[in-house]
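Chain by chain, the residues run as shown.
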Amino acid sequence: MTDTTKTDFNRAGEAKAGTASTSGAAAVLTDIRLWSAIGIVVLLILPHYVYPVMIAKVLCFALFAAAFNLLLGFAGLLSFGHAAFFGMSAYVTGYCLQSLGFTAELGILAGTAAGALLGLAMGLLAIRRQGIYFAMITLALAQMVYFVALQAPFTGGEDGLQGVPRRDLFGIIDMSSNMNVYYLVLGVFCIGLFIVYRTVHSPFGQVLKSIRENEPRAISLGYDADRYKLMAFVLSAALSGLAGSTKVMVFQLASLTDIQWQMSGEVVLMAVLGGIGTMVGPLVGATIIITLQNELAQIGSVSTIVQGAVFVFCVLAFRRGIVGEIKHRWTTWRGRS
Amino acid sequence: MDFLGVPFPVFAGQLLIGLINGAFYAVLSLGLALIFGLLNIVNFAHGALYMVGAFVAFLLLDILGIGYWPALLLSPIIVGLFGMVIERFLLRPIADLDHLYGLLLTFGLALLIEGFFRQMYGVSGETYAIPSILQGGFNLGFMFLPTYRAWVIVAAIIVCGATWFLIEQTRLGATMRAAVENADLVRAFGVNVPLLVTLTYGLGVALAAFAGVLAAPIYSVNPLMGSNIIIVVFAIVVIGGLGSIKGAIISGFLLGLCEGLTRVYYPEASNIVIFVVMAIVLVVRPAGLFGKTA
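Chains as they are written, first to last, in this note's numbering: chain A, 1 to 337; chain B, 1001 to 1294.
Quick caveat, the hints were computed from the structure, so don't treat them as lab data. As the structure is a computational prediction, the values presented were derived from the model and not from experiment. No residue lacks a Cβ here, since even glycine has one placed at the ideal position from N, Cα and C. There are no misleading hints in this set.
Here are the computed lysine to any residue pairs in the SDA-like style, where the Cα-Cα straight-line distance is at most 25 angstroms: (1) B:K1246 with B:L1166; (2) A:K57 with A:Q252; (3) B:K1246 with B:L1019; (4) B:K1246 with A:G131; (5) B:K1246 with A:R128; (6) A:K209 with A:F318; (7) A:K57 with A:S177; (8) B:K1246 with A:Q130; (9) A:K57 with A:G156; (10) A:K209 with B:L1097; (11) A:K209 with A:D31; (12) A:K57 with A:G39; (13) A:K209 with B:H1099; (14) A:K57 with A:I45; (15) A:K209 with B:D1096; (16) A:K209 with B:I1094; (17) A:K57 with A:A309; (18) A:K209 with B:D1098; (19) B:K1246 with A:R129; (20) A:K209 with A:I326; (21) A:K209 with A:R128; (22) A:K57 with A:Y183; (23) A:K209 with A:F194; (24) A:K57 with A:T287; (25) A:K209 with A:I191.
Each pair of labels, with its calculated beta carbon distance range: (26) A:T291 with B:A1178: 44 to 54 angstroms; (27) A:L296 with B:F1089: 18 to 28 angstroms; (28) A:L253 with B:P1267: 27 to 37 angstroms; (29) B:I1066 with A:T332: 47 to 57 angstroms; (30) B:E1181 with A:Y223: 31 to 41 angstroms; (31) B:L1172 with A:R329: 40 to 50 angstroms; (32) B:F1089 with A:W35: 31 to 41 angstroms; (33) A:L296 with B:I1066: 27 to 37 angstroms; (34) A:P153 with B:I1066: 47 to 57 angstroms; (35) B:Y1121 with A:A309: 14 to 24 angstroms; (36) A:H48 with B:R1092: 43 to 53 angstroms; (37) B:I1063 with A:Q293: 26 to 36 angstroms; (38) B:R1187 with A:T332: 32 to 42 angstroms; (39) A:N294 with B:V1006: 48 to 58 angstroms.
Produce the entire structure from the sequences given, and follow the hints as far as they go.
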């Protein structure tokens, strides 16, 4: 569990794991199952007090950020093109629901599959270069996808797909009420986050980490680094697609906003602000950014300015992110007492 | 008069537009390559600073009544100084960290700058008149060549040439190249490398601002003009490789032409042709056309 040689970029987000799991009280406080249970209970009750569409939006973006974080935090790959998966899946789901009459679950599955396929195509190209080039290539390829979406016949161009019907889940469960859609989103979110958790804590996740830390060494140990990176990329793209597809169920809308480069930047910001390489960070980051956008939406471009400022601040002085910082404080405090 | 299946004036006209776009691509990717050489970061704020360059020219005229020619010099100086402040106070503290942090920071800066100008001036854009001496154009017999567009190409070539000369042929350039190779060693010889880094960032950014002033009379001065062009320039940089000055200039012009040609024969794809070329280059020659195989 204890990783000693971390690259600087990823060390920021991760406190030293493995040191705090011995004594009784502390074990309870760091028990992932307990916290997951508490979290799920809170999320089950919350829509009775807060507008469910709002929390559903946060959960969609939290899943998106978690998918992105899987790639950056655990495989060390900074993608600036994740909007392509999010947006393209939204279009595919929207089209399937609106024009092909798919049921909700089939629409979401189709969108997720589209995200995975696009991820495979982009990943095959992008993993040929590393670091800064990887970021630029993903950004450029996503821009290409954006232009395709702008001109392709099934995306509705500038208008996007509006008024996408919320079809019944499995053909029997009614999805027309916001509350039902919320619980669908919550279910999807939990499944998505569980997949991320299982991936990170599997042998596959360990290999990813070793590639992140020292790629030539991982290769010399016999791991096909490119294949692992590609698998991580496709998985991340598929989960981003899942988030985008689910978002269509909530807002009944798929538009160019979902696929623009600004969206790629937003998801990076959510992950960085919440804490790169943490499980809860993306949820925290998404909550803050979405709330911020809602509050500042009325005053022109202030939201963009604030996002830029938060970015600069995080990089200069807050590289662990919120959750990473709390984890770090907690472990140092544990170490002292 | 047809040329390869299209009327020759149409062909030549699109080629000219391609060449002009190529001029902007070349100057911008040249600045990116300079900065990348010494700082090892890709300056995401490059597009935003190109936009600021155009806006400074616009504001100089609008508020102080300073015209095009002084602005062509003043705007790069002002933006260059601004860039040096950014380097000194924001980029230097994170210089020793993973270079991806530099990318994230400059991305945040780009959002900040773009958001600020959007808040102040909206997205409709401001017009900037072509200076009187460059108005009009020549009739070349087969097409009409606007004087200003010819000037843009000439100016871009001059600036690219001058930068190449500075880097490859002068003592300062030699020191810079040495610092790219081995900063510690150059420092041991008594060269103030941090200052050199600041100056390099300033120069790269000034080039972006220069391109911005050149662009002001052609496109509307618009807060979004930077982010539209910078992603294309990134693709060009991937194609050409950030390794060499010459590579950045040549691939900038070439891909501009390539875009122009696509607009003649298959206009629907003109937006994406550069990205397609990038994808092909990644498959065939992952290190880029001018890059060293890494």
